[in-house]
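Given the coordinates of chain Z, assemble chain Y onto it according to the supplied hints.
2 protein chains.
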Amino acid sequence: MKQAIVARADIGMGQGKLAAQVAHASLSAYEDTDTQTRKRWKGEGQKKVVLKANGESTLFELAEKADRAGLPNAIIRDAGHTQLDPGTVTALAVGPAEDDLVDRVTGDLSLY
Amino acid sequence: MKQAIVARADIGMGQGKLAAQVAHASLSAYEDTDTQTRKRWKGEGQKKVVLKANGESTLFELAEKADRAGLPNAIIRDAGHTQLDPGTVTALAVGPAEDDLVDRVTGDLSLY
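Chains as they are written, first to last, in the working numbering: chain Z, 18 to 129; chain Y, 18 to 129.
Just so you know, the hints here were simulated from the structure itself, not pulled from any lab data.
Here the structure is a predicted model, which means the values were calculated and not measured.
Copies of one chain are not kept apart here, so a pair can be met inside one copy or by any two copies together.
Calculated pairs, EDC-like style, for lysine to aspartate or glutamate (alpha carbon to alpha carbon, straight line, at most 16 Å):
{"id": "1", "residue 1": "19", "residue 2": "117"}
{"id": "2", "residue 1": "19", "residue 2": "51"}
{"id": "3", "residue 1": "59", "residue 2": "48"}
{"id": "4", "residue 1": "19", "residue 2": "116"}
{"id": "5", "residue 1": "82", "residue 2": "125"}
{"id": "6", "residue 1": "19", "residue 2": "120"}
Here chain Z stands alone, though its shape is the one from the complex:
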């Protein structure tokens, strides 16, 4: 099982900012996940992969794809206190779920 977190590479986030947005997305999708799946994922070491995308449209398309596949997912918008304009879409998490189900949504993206 794994969780894929897709973050935008086109908005110049610093390393710490990127990490915080990825953590927001990860936790939010986790909260959208059923208890049984959570337990299994954590039991296997809560595997996470961080992937990159350019542009918010990609994130919305992937979120729709995840919805249609019935996978937990969460899109993050930045509050905009620092670095970014308020409401900027920064990241999307898909899963945790079985690896192949996650790959059907995010399998074409490169590692961040």
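Below, chain Y without anything else, positioned relative to chain Z:
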């Protein structure tokens, strides 16, 4: 309220690796947090700050400090499948908790 995630800046983690370790730490400390505190933190937008430290000894010292203060915290060791040696300590999350309580533990560190 906030959660501070302290990540090592001395082990050459790539951006994606760093983000994944920060997300592991964030989720693990969150799981160590009581329901009431979780709810309040999420209601306020689950504020996270990512800070840097050099060396695992700093992470262990801060974790002890958090324990003594009764704050939720979690240290992450990497499984070592990529980039790092197995068992390498990579990150520590402290909180969520009130800002001033978190600052008493991590207030001296710089933003990542």
